[in-house]
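Protein chains in written order, with my numbering: chain A, 1 to 544; chain B, 1 to 323.
Hints are supplied without guarantee of correctness; some may be wrong.
[As the list claims (entries may be wrong)] No farther apart than 25 Å at their CA atoms in a straight line, the calculated lysine to aspartate or glutamate pairs in the DMTMM-like style are these:
#, chain 1, residue 1, chain 2, residue 2
1, B, Lys128, A, Asp117
2, A, Lys89, A, Asp100
3, A, Lys154, B, Glu132
4, A, Lys459, B, Asp215
5, A, Lys530, B, Glu2
6, A, Lys89, A, Glu118
7, A, Lys496, B, Glu305
8, A, Lys255, A, Glu155
9, A, Lys464, B, Glu97
10, A, Lys464, B, Glu305
11, B, Lys136, A, Glu184
12, A, Lys311, A, Asp261
13, A, Lys136, A, Asp117
14, A, Lys221, A, Asp199
15, B, Lys106, A, Asp199
16, A, Lys496, A, Asp185
[Claimed, not checked] Beta-carbon label-pair distances, calculated as ranges:
#, chain 1, residue 1, chain 2, residue 2, range
17, B, Ala35, A, Ala249, 39 to 45 Å
18, B, Glu97, A, Gln236, 28 to 34 Å
19, B, Val21, A, Pro364, 49 to 55 Å
Source of the hints: derived by calculation from the structure; they are not laboratory data. Think of the CB as a built atom: it goes at the ideal place given N, C-alpha and C, for glycine as much as any other residue.
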Amino acid sequence: MMKASLLKFHATIFQRKSMSSGRLNYRLVIFFIAIIFGVGMSMPTFLQTEKGAKVSLGLDLQGGLHMLLGVKTEDAIQSKIKSIASSIKFFAQRGDIIIDDLRIAEEKITLTLLDKDEEKKLDAMLKEINGLHVNKEALSYTLTLDEKEKVLIKEYAISQAVETIRNRLDQFGLAEPNVAKQGEDKILVELPGIKTAEDEQRARELIAKAAHLQLMAVDEKKQDRANSMSPSEAAQYGDVIMNDAKSDAIRYVLKEIPVLDGSMLSDAKVGFSDMQQPVINFTLNSEGAKIFGDFTANNIGNRLAIVLDNKVYSAPNIRERIGGGSGQISGGFSVKEAHDVAIALRSGALLAPVTLLEKRSIGPSLGADSIQASLIALISGFSLVVGFMLFYYRMAGVIANIALVVNLFLLIAIMALFGATLTLPGMAGIVLIIGIAVDANVIICERIRELLRAGVGVKQAIEKGYDNAMSAIVDSNLTSLITAIILYVYGTGPVKGFAVSLSIGILVSMLTAILGTHGIYQFIMPYIEKSKNMMFWFGMKRSH
Amino acid sequence: MEFFSKNKVYNFMDKSKFFIVVSLVLILTSYGLLATKGLSYGIDFAGGTLVQVKYDQQAPIDKVREQISSDKLFANALITEFGSPDEIVIRFATTTEGVSHDVGDKVRELLKGTGNFDIRKVDMVGPKVGSELREKGLMSTLMCILAILVYIAFRFEWRFAVASILALVHDVSITLGAIILFNIEISLDVLAAMLTLIGYSINDTIIIFDRIREDIRASKQVNLFDTINHAVSQTLSRTTLTSLTVLFVVLTLFLFGGEIIHGFSFTLLFGVFIGTYSSIFIAAPLLKWLGFDIAEYKNKEALKEKNKIEKAKMRAMYEKGTV
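Make a model of the complete structure from these sequences and hints.
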């Protein structure tokens, strides 16, 4: 079927070209349009103008950081459980429901209700929580999350991490950060703007910062035993032990279920304390402010610990009810650190920690070396091929070389138009394309020579040469294209760049090498026919 | 300029047994190397870390080795010169999961005091990603071969398809042997070169097969032996010239492209060479070995043509309303 239609296709071109073979022909017109398009659209890339679509350099050529991150989604479930426990506690306190023994064990919450009369109220509240599975034995409750909810939480944790990291990096002030979900559970982070090891370190710390702010009550009854208590003992009392941010020697016994957490934060800004130390001032949203106000009113004289990423930054005494919902994190930050923490808090906490699966960090000097090396390869490869074609085919070689140059312009133009990225393997792909693109013209020239040798007239030899060469060119280019496409689908990072330049190059070469050169031949046909010097036109000994 | 004499028909078929034996020996040697020496996977596929360090003078390799091995994490680190005496590459299997502090940072700390250096590149591939990339790599190679098989079977005939795939497997196997022999690490780039090779080395084979197909259609000749000889000879200049232009550019990549794409350009350089050889000496003779018969092919083609005409007739009749 395809064979037949292809042949028919050739036949129709053949007919049209014998009609149109004069000086100007449609092939030449298309070729001219291609030249104008190619040169015009590739200029922004060559001249590096401000405006216009350009081919951007990949991380391996301009330097930068590429990371593939994983998300520990199990931790997101854990923190969801924690926040459910927090809200049950808050609800119970507001409604004077007496709950005993509210505990978190792995992915379960257990609690016991003391007064049976309040069962309905509590049940109604629990029913409002999505995906919560309630198991009751008399007044002992066991709460778990159902599987569907867990899947949702995991998915949300990933998309939230993508959003959060993107927000953080946008605010960090680097050029063109790229954060995207890759596959089902991975996050791709690309930072082309990174130039130094220090910048890279800061960016990585910012990305990884959980920025999990918690306001937690100090367990005043147990605090004096902070240094001797083991974590498992603390868990028995519903407490956790946390270290001070500045010194591991200072430890706090805190109520495991936080008063509130960073999800109720509405803003965070860098400020300066009275001692001119950088601090972070945060504001809570209205719900958070209410909880904060209630808690401070009920706990005057106790301490409230401000905990960031499981480190206690301060634990001031509550002297009075604090309304308005604002607080401060202080703790010997440098200005840069405070700036980064504020960004992280504003962008929100990561619901689940991220892990490093793959990292590729390239220094700008290496990128520059790679560009230089591949440019040398490009220029020398190009000169070799162009020189060979001239030497072997003379005028036919000139024509093939014109097509080759146009091919390169078009390749860059189309890559720019698609916003493609040029990687080191992509550069290698362009060099390779130079070798592959002239193949079509070699095949055509050889066909023409063959016909000339057989005594066919030069005009017919050219037309028939194109016709005979077509099926081999189409078949061989299509197989190359198939592999390039598969390479694109399965490849990652820089290799994808190679596949892109290879496939665009193959397609473009079919246009320039087949259509373009044919148009030129038709345009100059009268001259070729008049001349008897086949050495000049096709580099072969034969006077016709 | 002309390289090959105009109308000479070389007798390739007469020597086909010799070349097939040569190729079989090469293939068996390659698989022997694969079995004994084995592929050395780079960190892309095996997982691990690679740190490229450039010093402002000759790199103090011994000092670096001493420093690096002082940390248990890097006990089996491999430290080698990279391209120039100033530059070294440190490779080890350890990877870490922490985003804010990773093995690259540790290496930086350890190297303090070994001189003025610039860490130019840190590549770390975790074990999970490594095995995924390996899977994808194998998958894409198989997909490529399968896609080409289907395409050629569709455009030619199944024996052409099988012959070209055998030639491809031949090229890939021997190139793999060369990769092992020359201690090239299998990286993503090398895989990309392999896949490109699959797509490219088939081109020469197609040019020859295309010519065989054409010759069969054009002449009454039914002797496959002569047809193949004729077709291969006729296309000889084309096959060598197209390979030559690609060899030119791949050679420049190999010579000037830099150390980073060394594996890539080596694979292509060797592969294009072996691919051209197999197109000329192996692929076409395989047709005969696979039992391709011109008379049978012509009959089939005639039958196809007849069917087409029948169909067209039926359609015409249907359209006229006579059926």
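### Query
What are the numbers of the hints the structure violates, in ascending order?
1, 7, 8, 9, 14 and 17
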